[in-house]
Amino acid sequence: MKILLMGNPNVGKSVVFSRLTGVKVIASNYAGTTVGYTRGSMKLGEEEAEVIDVPGTYTLEPTSEAEEIALRMLENGDTVINVVDATNLERNLYLTLQLLERNIPVIIALNIWDDTKHRGIHIDLDKLREMLGVPIVPTVAVTGEGIKELVENIPGAVSPNQSALSRDERWTTIGTIVGQVQHITHRHHTWLEYLEDASVKPLTGSIMALAVLVGVFFSVRFIGESLINYVLDPLFNNLWAPVVLKLSYLMGGGGFFHDIIVGKITGGEVNFVEAFGLLTSGLYVPFAMVLPYIISFYLALGLLEDTGYLPRLAVLMDNIMHRLGLHGYAIIPTLLGFGCNVPAILATRILESKRERFIAATLISIAVPCAALQAMIFGLVGAQGGQYVAIVYGTLLVVWVILGFILNRVVRGFSPELLIEIPPYRLPPWQTVLQKLWMRVYGFLAEAVPIILGAILVINILYLVGVFDAIANFTAPVVTGLLGLPKESVTALVIGFVRKDIALGMLAPLALSAKQLVVGSVVLAMFFPCIATFVVFLRELGVINMLKSAGIMISVALVVGGLLNLIL
Amino acid sequence: MHWFMRRFRHRFIPGFKFGFMPGFSHRFAPSGKQVTLTQMQTGQRGKVIEILGGHRIINRLSALGIRPGQRITKLSAMFMRGPVTVQVGTARVAIGFGMANRIIVELD
Chain C
6 MKILLMGNPN VGKSVVFSRL TGVKVIASNY AGTTVGYTRG SMKLGEEEAE VIDVPGTYTL
66 EPTSEAEEIA LRMLENGDTV INVVDATNLE RNLYLTLQLL ERNIPVIIAL NIWDDTKHRG
126 IHIDLDKLRE MLGVPIVPTV AVTGEGIKEL VENIPGAVSP NQSALSRDER WTTIGTIVGQ
186 VQHITHRHHT WLEYLEDASV KPLTGSIMAL AVLVGVFFSV RFIGESLINY VLDPLFNNLW
246 APVVLKLSYL MGGGGFFHDI IVGKITGGEV NFVEAFGLLT SGLYVPFAMV LPYIISFYLA
306 LGLLEDTGYL PRLAVLMDNI MHRLGLHGYA IIPTLLGFGC NVPAILATRI LESKRERFIA
366 ATLISIAVPC AALQAMIFGL VGAQGGQYVA IVYGTLLVVW VILGFILNRV VRGFSPELLI
426 EIPPYRLPPW QTVLQKLWMR VYGFLAEAVP IILGAILVIN ILYLVGVFDA IANFTAPVVT
486 GLLGLPKESV TALVIGFVRK DIALGMLAPL ALSAKQLVVG SVVLAMFFPC IATFVVFLRE
546 LGVINMLKSA GIMISVALVV GGLLNLIL
Chain R
4 MHWFMRRFRH RFIPGFKFGF MPGFSHRFAP SGKQVTLTQM QTGQRGKVIE ILGGHRIINR
64 LSALGIRPGQ RITKLSAMFM RGPVTVQVGT ARVAIGFGMA NRIIVELD
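Protein chains in written order, with the numbering used here: chain C, 6 to 573; chain R, 4 to 111.
No lab work stands behind these hints, which were simulated from the structure alone. Any given hint might turn out to be false.
When the alpha-carbon atoms are kept at most 25 Å apart in a straight line, the in silico SDA-like pairs for lysine to any residue are as follows [said to hold, decoys possible]:
#, chain 1, residue 1, chain 2, residue 2
1, C, 132, C, 206
2, R, 50, C, 184
3, C, 492, C, 571
4, R, 50, C, 171
5, R, 50, C, 473
6, R, 50, C, 492
7, C, 206, R, 44
8, C, 359, R, 60
9, C, 206, R, 74
10, C, 359, C, 40
11, C, 206, R, 47
12, C, 492, C, 473
13, R, 50, C, 181
14, R, 50, C, 178
15, R, 50, C, 189
16, C, 206, R, 58
17, C, 251, C, 471
18, C, 132, R, 60
19, C, 206, R, 107
20, C, 206, R, 109
21, R, 50, C, 251
22, C, 520, C, 486
23, R, 50, C, 172
24, R, 50, C, 180
25, R, 50, C, 173
Residues from chain C that keep clear of chain R, each with C-beta distances beyond 12 Å, as calculated [claimed, not checked]:
#, residue
26, 6
27, 166
28, 416
Glycine included, every Cβ here is placed at the ideal spot set by N, Cα and C.
Make the full structure from the sequences, and use the hints.
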């Protein structure tokens, strides 16, 4: 049996899904969090039922990629749980009516039920059940209230087989239903609602946006730095270093296996960044350099997502984004890209046109460094002085703007206008924030650590075999002549295809000047996406677009790198 | 006065001057209490009368609750032809400038 969870965007389908199946999925407070579908299973009596979390859609006439996925899913489902936002009954019922016209059993979960009380909305449940002819269960998915009743009522889902109506007829029917079952009493604005209004007004909104972004940047740095300085560095230096030294001694202080496992150790001290062995850099880079920033970045992003601030930022940024051939909502994939480019490129599905998706994905791959790379930039470039970090970020920002401006002129197609729902502000329970953080941190550890260890192993072997020397000599004119980097640093650019954090780490033992580090970081950020991003880009936008985008990346990286080399 | 209106009509009819909003706004000349959503003042209330646009735009707007007969309140407008935010029913919706320019509202 296949159960589909369907409903308007941002009504809590993903939270209901987690509650039903125990499978944890990312849920946020903005329309379009789920762009693919997630499967899970649940026990339904004796039977095992498959539950599918479908992307949100307002109607069954799709306007974006995510909504098309929703429609395709409907073709082969057995039962629909229609999740309805109880505080937005009228608009939500349109999809409900469309579902009732299909020949598929439906049950309604009237979610966000708790909010109706303090918003002064009264809904006559019995009457609504009678008028729609399907079971309705009020739920509060975030707390789990009503989920048990929902599960008990799933076998009772029915298809009333309504005759198909036209759009206007549906709205008339909805008008009648809402008029009879819903009753709204007036009440005063809460402070959150005042804040809601202020955040989309030009002046107050801009001030708030600036405060939020500056606040996020500094708290991410503060938390990340504190974790490194007070927790992870002491752990590595005081507890792990003696173990490594002992091991190095036992392995004879050198040789093939020693260099792979422990790395290069000089002067009886372990330099975790430069040693480049599996047990030194292989652990230090992911755990002590990148992980702290993954934690602090995703904590801040999770809070932004769950409070419902991001769509408001989209409204504020709409103007600027139009100049880049996008509209305001593209700021959401862009911000996700500062964590990891993979979910960011997936999230471009919330944009309607192919042109927008191409521009957004290209800009993200080129000018938005992921958290892992940023952590390394803070660690390595930051050690030379804060101004160099500023140059790296400033360059990327300028490239983002200019390249977007050019792409807007050059890429054919149309960019539609912004049309989004602005969710109410919600104060997220800290359990959900921490749970989401844990999912993302776990995702990083599970994916990045094995790849980093594998990369270090392969790099060491290739070094010893001499492959890298051959590449370095071959590309020396470009790397040395144009970018002003030592020819060995080409290996870092090659490894950047695997993971960018470890690639930047490879520049550490080369004793680069601050200027060379800046050029290296910028080129590495822009040159080519890592393999995971590459695969997603290819899948989402096709071979031809990927090739075009790759051409742009390589040429822009070389031009900008060359310019930086000349200017600095 | 005719020459005056012809010369300066871009001052009165939003979107007239700019190429990226083809053809719709000048079809609508404001009369009496009917204005486009972009001409409405922040805080004003009214009723949607008409949406000047193709099938696709009408469908997308109506899915978000913006369709003829609905009562809406303008909450804000971003400067430099930015999006307009409105309250419709219990929901808030942000609409790009060009699209907002095609929504005709009768003021209360």
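key: Unsatisfied constraints (hint numbers, rising)   = Hints 1, 5, 6, 16, 17, 18, 21 not satisfied by this model.
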